[in-house]
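Novice: Chain A is already provided as a structure; the job is to place chain B on it using the hints.
So the protein lines, in turn, are chains A and B.
Reminder that position 110 of the first sequence reads as 110 in this note's numbering, one-by-one numbering, no gaps.
If you count the second sequence from 1, you need to add 318 to reach this note's numbering.
Everything labelled a hint here was simulated from the structure, so no lab data went into it.
One should not assume that every hint holds.
Label pairs and their calculated CB-CB ranges [as the list claims (entries may be wrong)]: (1) A/312 with B/447: 51 to 61 Å; (2) A/315 with B/405: 34 to 44 Å; (3) B/394 with A/120: 26 to 36 Å; (4) B/378 with A/238: 28 to 38 Å; (5) A/309 with B/502: 20 to 30 Å; (6) B/399 with A/39: 31 to 41 Å; (7) B/444 with A/55: 34 to 44 Å; (8) B/368 with A/233: 51 to 61 Å; (9) A/8 with B/405: 23 to 33 Å; (10) B/383 with A/13: 24 to 34 Å.
Some, not all, of what chain B presents toward chain A, calculated at C-beta under 10 Å [to be verified]: (11) 364; (12) 377; (13) 381; (14) 385; (15) 422; (16) 430; (17) 431; (18) 449; (19) 474; (20) 483; (21) 491; (22) 495; (23) 506; (24) 507; (25) 510; (26) 531.
The list that follows gives simulated cross-link-like pairs (lysine to aspartate or glutamate, EDC-like), each with its CA atoms no further than 20 Å apart [to be verified]: (27) A/39 with B/394; (28) A/26 with B/394; (29) A/39 with B/406.
The model shown is predicted, which means the values in this text are computed figures rather than measured ones.
For glycine and all other residues, C-beta sits at the position ideal for the given N, C-alpha and C.
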Amino acid sequence: MKAFTYERATSTAQAAVRAASVPGAKFIAGGTNLLDLMKIEIEAPAHLIDVNGLDLAKIEPTPDGGLRIGALVRNTDLAADAGVRRDYPVLARALLAGASPQLRNRATTAGNLLQRTRCPYFYDPDQACNKREPGSGCAALAGWRRMHAIVGTSDACIAAHPSDMAVAMRVLDAEVETMRADGSTRRIALADLHRLPGATPHLETTLDAGELITAVVLPSPPGGTHVYRKVRDRASYAFALVSVALVRQPDGSGRVALGGIAPKPWRDEDAERALASDPHAVVDGLLKDARTSPDNAFKITLARRTLDAAIADARSAR
Amino acid sequence: MNESDAMNPARREALALGRDMLVGGAAACWAGSPSARAASPRRDAPVMRKLTLRVNGAAQALELDTRTTLLDALREHLHLTGTKKGCDHGQCGACTVIAGGRRINACLSLAVMHDGDEVTTIEGLGKPGHLHPMQAAFVRHDAYQCGYCTPGQICSSVAMLEELRHGIPSHAAADVAAAPAWTPDELRERMSGNICRCGAYSNIIEAITEVAGAQP
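Chain A on its own, in the form it takes in the complex (with noise of 0.2 Å):
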């Protein structure tokens, strides 16, 4: 691990100040993946600056009948809140169905959202890898491609992105709210946060240098059964081949979110309109434009039976 400086911070804008102005700054919260990656030397930030100290760690109601959710409330608080469950059930099983318990008590709100790939090509330096060394190839699009993305890819990368959460908050039209160096704020669509990889897979976020999410604000419950359904390949503790995150209302219609298979949480509102009369549309038009290597093209069978098995789950439980 490179040495580095380390501060803690003491409010919301002087660390957005910091980090902008601090050479080689990082922010660190739960510090699961920062951590991680420090150790083999593919994150090396000369300075972190700890924001577990801010008060960025409360759920509270909007007056739109919503939900605001601090950065830093742990994803053990996320899942265990009583209105998360009641109202927003997706996000609650999203949750647990990712990582362990123990990570799941350190990971933050803002950090799963921004937590990076688990391509095991990024993750080897001696490997070729555009996200870890812009130019240097993709190792990857030669390599073994069970756990890869198959659309929102590029030439230049083909990484998945790992987060069950974002999955959930994607399906419930989730909101980021954040600050920046110069003390403004603003709300990004999740949507809009997670850049696809094209010709610069190494920025993989909307947010500038030094901008600090503070909440995920949800918009008021959307009502239906809500099922997300995780497929792996063991049944605790590994990332998604597919995952699908259903919210269906009584007439059979809905939103439809996948996991596992793209750079960012994949959802598409035009497609998902055919939900009621053909499920398989939605698949099918989610993943219209994917590009499959024989170790990944199960995933459009498999993302297909999962959003069935989904749909199945959702109308057994009314």
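Specialist: Chain B alone, transformed into the frame defined by chain A:
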């Protein structure tokens, strides 16, 4: 790096600098300030920081390299070697301790982030002659072979029963809004962050089930 390079500090330094420049290039793109890394001091000089951990009830004042994980602080500086280093990447759970009342992977937390925190390790749960009920149950049920994962399993299971008691749900729940059930499926799911390569899982679950049954 071959062995002769490893023996040659000047060569190591040159390699480290070269790698820094590569990594620095990528970081500078993100930060939008190309001069950022060039202006920073030599990157391998340790940065020391004072902190106090409250470990098993006793305040421990330390001055540590900021890179020191909570796990290494416990093992290498406080010589509490009951907490084990398995993968050192949060995948195995051997380093599980209870910090601020919550079980965490001590390998994925920096010691400086825990300044002032209360930390309980396996040494703080019980001692020979005064075992914690979970330690006694593990012995009674032969819930280990090599024993390397055992301190993590025990710290994890003690905190896990607290989580159940507080109604924290798990992936095993049929209804995520309902109070969690104390079933073997729930216990197994909740212990999935602790890997046992000997495969002593069935006895581990027996031991935990016994303690869970005694402490509803």
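Novice: Does each hint fit the structure? Answer for all of them.
Specialist: Verification of the supplied hints:
no.	hint	verdict
1	A/312 with B/447: 51 to 61 Å	holds (55 Å)
2	A/315 with B/405: 34 to 44 Å	holds (41 Å)
3	B/394 with A/120: 26 to 36 Å	holds (30 Å)
4	B/378 with A/238: 28 to 38 Å	holds (36 Å)
5	A/309 with B/502: 20 to 30 Å	holds (24 Å)
6	B/399 with A/39: 31 to 41 Å	violated (20 Å)
7	B/444 with A/55: 34 to 44 Å	holds (37 Å)
8	B/368 with A/233: 51 to 61 Å	violated (44 Å)
9	A/8 with B/405: 23 to 33 Å	holds (28 Å)
10	B/383 with A/13: 24 to 34 Å	holds (30 Å)
11	364	holds (5 Å)
12	377	violated (19 Å)
13	381	violated (13 Å)
14	385	holds (5 Å)
15	422	holds (5 Å)
16	430	holds (5 Å)
17	431	holds (6 Å)
18	449	violated (23 Å)
19	474	holds (7 Å)
20	483	violated (12 Å)
21	491	holds (8 Å)
22	495	holds (4 Å)
23	506	holds (8 Å)
24	507	holds (6 Å)
25	510	holds (4 Å)
26	531	violated (20 Å)
27	A/39 with B/394	holds (17 Å)
28	A/26 with B/394	violated (27 Å)
29	A/39 with B/406	holds (9 Å)
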